[in-house]
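Going line by line, the protein sequences match chains W and F. Read in order, the letters of the first sequence correspond to residues 15 to 201 in our numbering. Read in order, the letters of the second sequence correspond to residues 237 to 360 in our numbering.
Possibly wrong hints are sitting among the right ones.
The calculated lysine-lysine pairs, modelled on DSSO-like cross-linking and capped at a C-alpha distance of 30 Å, are [said to hold, decoys possible]:
id : chain 1 : residue 1 : chain 2 : residue 2
1  : F       : K309      : W       : K192
2  : F       : K258      : W       : K139
3  : W       : K85       : W       : K195
4  : W       : K160      : F       : K258
5  : F       : K304      : W       : K139
6  : W       : K168      : F       : K258
7  : F       : K309      : W       : K139
8  : W       : K130      : F       : K304
9  : W       : K139      : W       : K168
10 : F       : K311      : W       : K130
11 : F       : K311      : W       : K195
12 : W       : K80       : F       : K258
I should point out that these hints are in silico values taken from the structure, not numbers from a laboratory.
Each chain, letter by letter, is given below.
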Amino acid sequence: MISSPGSGKTTILVRTITELQGRIKIGVIEGDVQTDIDAERIRATEAPVVQINTEGACHLSAVQIKKALKKLPVDDLDLILIENVGNLVCPSAFELGEAGKVVVLSVAEGDDKPAKYPAIFAKSKALLINKTDLLGHVDFDIERAKTDARRLNKTIEIFPVSAKTGQGMADWYDWLTKTLKRTNSQQ
Amino acid sequence: MLMHEMIVAQYLLAQITDEAVKQNARPVAAKISCGKLNAVNDEVLCFAFEAIAKDTLCRDVKLEIEHKPLQAKCKDCNQIFNVEFSKPQCKKCESRDFELLPDAPLILEEIEFQTEKNHEKNKN
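Next comes chain F alone, as it looks inside the complex (with noise of 0.2 Å):
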């Protein structure tokens, strides 16, 4: 069984060797961000990451991974507050009828590269 974490890893890696091949420069950082429901473990999808781009030109790519709160909406006050997954209840009201909002998907924020004169970063 491969891990999900090695699949999240393989996009990743695809993804930031197109980049690299198109800006013609090399990768030396990447950021990542993701919900809280997108069961990504940071220590796994780093070590998984590392093994597969261990003799590729994304070797030298470290992983940020940024981890966005769950948020709901309260249906009594509107309240708009974070999720705990063991209390789950509004931060304000402590009403349990609550909606929540959507998770925030898993994104390639940033990717870092590295030119033989300077530095540049690019956003996406």
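Next up, chain W with everything else stripped away, as it sits in the complex (with noise of 0.2 Å):
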């Protein structure tokens, strides 16, 4: 999962988790400069979660990842969901060893960053847009940034959601299951 900082990557992760409960075990791996603070948010869920501090890094590496990895109970999980560093250039860059990448755009960020920063949404499976509860707030053009998105990637799944609120969430629970069970059989 990537996207700029603050546009509601953990908060997703929260209510994905909670909600997906008893459904989907999950496994988070956090990424962040400094902190534990999300790692708490993801442990207050209940879920395994393991925090990784790139000390100043703007992403993290596959190396990292496979440290992290002997962290957490792979067996007992069906998913683990990475949320890298907060940043839309740079981890966009590095492959983790994951089925597959989610970007997240909250609406408060405009709706000129797809065109802005295209490699990240030419990469992804899917792109959250987040924070729709304030869409009456922000001038952002939802369908502008649909369509930027879609330039590169017509493929792209794009969710329009509130993780604060709930809205929208259930298609992306769906997606996510979806593509859960379609990655599993193809291994």
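Now that you have both chains on their own, put them together as the hints suggest.
Structure (structure tokens):
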């Protein structure tokens, strides 16, 4: 999961874990420059979590993920979600061994971001447009963001959501569940 | 904040150093290839590498960086073409319905060593 800082990645994760409890066993790897604030929020859901502090580096690398995986009960989990360092540029360039990338864009950031940062939108399987509860307060043209995201990536799945109110999250859970099933049957 | 290319440079330096120790030879050049979506700027990467390699056995290494194009396959005419961000469409039929092919990863392709007797190339 990749986005700018403050787009709501952790809030999305917390809500997703909580609402899928009993259906999908989720583990989380948290990447941040400093602190375990995010890991604490995940821990409150009782999901297993490992915090990586990059100490200044702008993205996670596969080597760090390999080490973090050893600290997770991987055999008991259905899905591992990695929250990368908040940054729309660098994390998109490094493969972590993931089955897929999900990009989060919050409406307060502006609808021009897919055009300005094409790499991550081109590489992602899904785009969550978060904080839709703020749509009445900010100038964000959701159609423009969708069109620009699809210019390089026709098949990207787009979910307008509010992780705060829960609006739109059900479609994201459906997609996540289906994608997980499909990925597992391919392996 | 450690800059992006500095981290790439650190990984490169570690890999080239490992190989140099194994080969017991002095590295003089390294070739890297990367895709269009790798967010690597040549000038910044070379500057970062020079700065951290300065007092190491990799001090003479000149980096050569090859950028591989981002390719896509047209869903209408099956043409494979290089994608231009400014005008993303099929080069042949101008369709905008295409699938991106995987972007080339960042790879250390080749290290060139100099031994006392001769020049040696080590490909991996």
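Hints, verified against the model:
1. F:K309 - W:K192: holds, 26 Å
2. F:K258 - W:K139: Not satisfied, since the Cα-Cα distance of roughly 41 Å exceeds 30 Å.
3. W:K85 - W:K195: Answer holds: K85 of chain W to K195 of chain W is near 24 Å, not above 30 Å.
4. W:K160 - F:K258: Given that 30 Å is the threshold and the Cα spacing comes to 51 Å, the pair is violated.
5. F:K304 - W:K139: At roughly 22 Å apart (the allowed maximum being 30 Å), K139 of chain W and K304 of chain F satisfy the hint.
6. W:K168 - F:K258: violated, 47 Å
7. F:K309 - W:K139: Given pair K309 of chain F, K139 of chain W holds - Cα atoms ~17 Å apart, limit 30 Å.
8. W:K130 - F:K304: Within the cut-off at roughly 21 Å; holds.
9. W:K139 - W:K168: Since the Cα atoms of K139 of chain W and K168 of chain W sit roughly 10 Å apart, the hinted pair holds (cutoff 30 Å).
10. F:K311 - W:K130: holds, 25 Å
11. F:K311 - W:K195: holds, 26 Å
12. W:K80 - F:K258: holds, 25 Å
In summary, the numbered hints that this structure violates are 2, 4 and 6.
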